[in-house]
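Engineer: Place chain B on chain A using the hints.
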Amino acid sequence: MYKVRNVLTFLCMLFVAQGLHAQRQELEAFPALMNLIRGEKFDVILPQVMEDNGIDMWIHVIRGEDPLNFEFGDNSGIYIFTDRGEARIERAVLGGQADRELYDVFGPESDLGQFVADRDPISIALNYGEEEGSGFDTISTEDRTQILAALGDEYRDRVVPADRLTADFLAGRVMSEVALYGRLLINSTNIIESEFAKIVPGETRLSDIAGNVFVRDLDGNEENNSDYVVQPGDLIGILHDASMREFSEHNGGIGYVLRQGETGLPPEIQRIWGHALKTREIFRRNIVAGRTGAETLDILINKIEEAGYHYIDQDRYDTKADPEKTQVNIDFHALGRIVSQEEAPRISPTGWGRDLKIPLYHTFALEYMIHMPVPEWGTGKHLYICLHDGAMVTERGVEFPARPAQEILIVR
Amino acid sequence: MCKAIAILSLLFTLFFVEGTTAQYGEQYEDVMANIGDANYGTFDDGNPYATVDMLNHVRRERFYLILPQVMRERTVDMWIHVIRPWAWGGTDPLRYEFGTKSAVLIFTDRGDDQIERVVFQGEVQDPDAYDIVGEEYKYLSQQDYEFMNYAVENPGEEYESELDFRFEGLHEFVAERNPKRIAVNYLETLSFAEGSETFTMALGDGISYTDYVQISKALGDTYSKRMVSAEHLILDYLSRRVASEVVLYGTSGLQRGTGRRFADIVPGVTTLGDINIGSVINKDGNERRGADYVIQRGDLIGDWEGQAYVLRKGETDLPQHIRKFWEDNKRVRGILRENIKVGLTGGETLDLLARELEEAGFLYTDYQEYNKYVDHPEKTQVHLDLHAEGKGILAPRISPMGPKWHWNMKIQLFHTFAIEYMIYMPVPEWARANNFTGRQMSAAFHDGGVVTSRGMEIPYPDQPTKIQIIQ
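Line order of the protein sequences matches chains A and B. Position 93, counted from 1, in the first sequence is what this note's numbering calls 93; the numbers after and before it change by one each time, with no gaps. Remember, this note's numbering sits 412 above the position in the second sequence when you count from 1.
Chain A extracted, bound-state conformation (with noise of 0.2 Å):
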């Protein structure tokens, strides 16, 4: 053991300059790791998703591109997965080419009818989809007038839109997902850091920044990716993505820009900072896996309200709320899969994912936004700051795979 430890040391001494040459830019697709994750995804997601599903047999037809190309394949095909009781779900296609390596059995599509009445599953999942919004009513009419053919009476009738079974299996995390998912989340944080570096006070224009940048004024006016030039006072947030193939994340960064005489954050702006925080406490108490976004989003509102801000379904500072109290709102949209973000289990008040359970292990950005009274500046006045950190549901609560944003960085 021993020794191998030092042969890996060795080995990864040869690969250091390169990887730090790679964290700035969009990450080299292993081949190795993508296969890896979709074997992962295979074996540890597929079956969980299905017993939670009450599915048998998952049938998915791709006809060229389809949500799940990176985890099925590219080809055209009958993709299906069928619980025969043991740990392994088994993977076919019919009429298809697949790896080898991650499929047991192949065969012509004339074969469906025989191939299903061999499995005789209970429940079959169709890629169609009922409930508007789902985004996985993927199968052509053509498609599924075929299908339920081939199926005939005796089948036919035990198919279930495939929708949320879709939903669920993208949801799902491996940890070779959440490593990668790590590796980005670091490589945006560099990039907003190095972005804020750039900015020279007075000449730099929002549109010179990399990345969704944004400033809003004290009456909540948005200068976003304009030629707005940066002025001292302002308080900027930047949020940047990083992606490896299929796999993407986008974090946040705020700064403050010093005005003439400051050399630290002044206290409305301390203020504001102490609000992320105190209100990133009551969040990672309270996220669990297990309950919907739409149930976790009710819980989280009733906490922040106890803990004495007004909660609002909308980034934009509710004049008629109390001037006293603080606002927040809360977007905690899924992260990693590209596909998935936005259909999957979502704590927000929008989205068709809010009415999904959150797995173990989701992936997500804490997303929320501050909006913080300053009565002395004027009635209506506030500060704006954008909370955007990677994060992710363990049996614990929320953990943050990498670094979350520290502090509000100070641009001078």
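Bear in mind the hints are in silico, worked out from the structure with no lab data behind them.
Covered, in the sense of this in silico footprint (three residues per stretch, anywhere, with C-beta under 8 Å from a C-beta of chain A), are these stretches of chain B: (1) 646–659; (2) 860–867; (3) 871–877.
The following label-pair restraints were derived from C-beta to C-beta distances: (4) A:N286 x B:D543: 20 to 26 Å; (5) B:G755 x A:D298: 29 to 35 Å; (6) B:K592 x A:K198: 53 to 59 Å; (7) A:A29 x B:E600: 47 to 53 Å.
The structure presented is a predicted model; accordingly, all values stated were derived computationally and were not measured. Don't be surprised by glycine CBs; every beta carbon is placed ideally from N, CA and C.
Structural biologist: Below, chain B alone, put in the same frame as chain A:
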């Protein structure tokens, strides 16, 4: 340890000088050159993602998530950890976790969600990880020689030892918190101060007799009687992982590459020297060595980065015995995968795996070599050494090796470990070709694993678990 790995060690020694010039040490240049500097961690070694910011983040997450859990499980409401200044932290197992090589650190459960974290004396790498750092006390740090200033400013006031200064005010501090059980880093029941392969770590046995006397004196009768050994608390704290450690472990594993290809080998032309391999096994099961050896048909080539077989004339696929070996390997992996879980101890898991292997027709062996003195020498033998990895390599350990406490520790959430095992398969064809003097096909595997609530998962690509075929 397998021969292939030993050979590789030599090979990679050639790159050592070049490797060290990569300067990954600059990442933790203040109180710690890098946290692997005392044969300690692996996740920071050469890992470009193990930056100071990330390592500080891991520390803080551990304080936030792990510290309250382990102190409450052990019903400890105060933990005093002393890292002695003259040892400069070289043997202390928690110098990375606490970010210091010399300090007196006090953690108190004051009933809040979080544990109060205090640097009572000394300096730390990451002061923001603590609630109170020494400045609030009379004496900042012994290495700042403040005791000399104190002596000048307080003529006539004498101390029996300069060591007193580290514990100045301790009684007052502790009395204010009034803990019932105070864990201190000395050993009480564990028989080993260190693991079998970590010669430099004191683990729970951190303080000296002098320290013990000084602490007892500073605490006074009431509180010194409440001292207990922190030995198990320290092991608990060390053996648990947070999600950010999985990230570092996974990124570290990716740095080692994903195996080598042998496609360029031309039988009868390519030498071992051309492909930097020390030896091969020929068609009769005999080892052939030397840089000038020309690779022949029927040779089995490989090291821990990959294996290849050169087809003989007339062969279109692997011979049966080689195919069986790799099928056996796949079955072994499946057994590991299905049976390693959170909650069992290392020893319980080893027993379970041995049972499962035997039920599947293998012979589990405690030895890291083929054992011919068994009832069924024809069976494929499997040895396991699934030791912890990542930050700390000690425990829990699913292995017949190491001290008993390695086996007695429970596997925890996000336990990162080496999927290290050896397979020895007797080959009758080779035995016949060598007058039945015994020949086995063997290989060692060393990949990475993480244990979650779902079982064993793979955080970074394995080295090849399939054999390549050379036409």
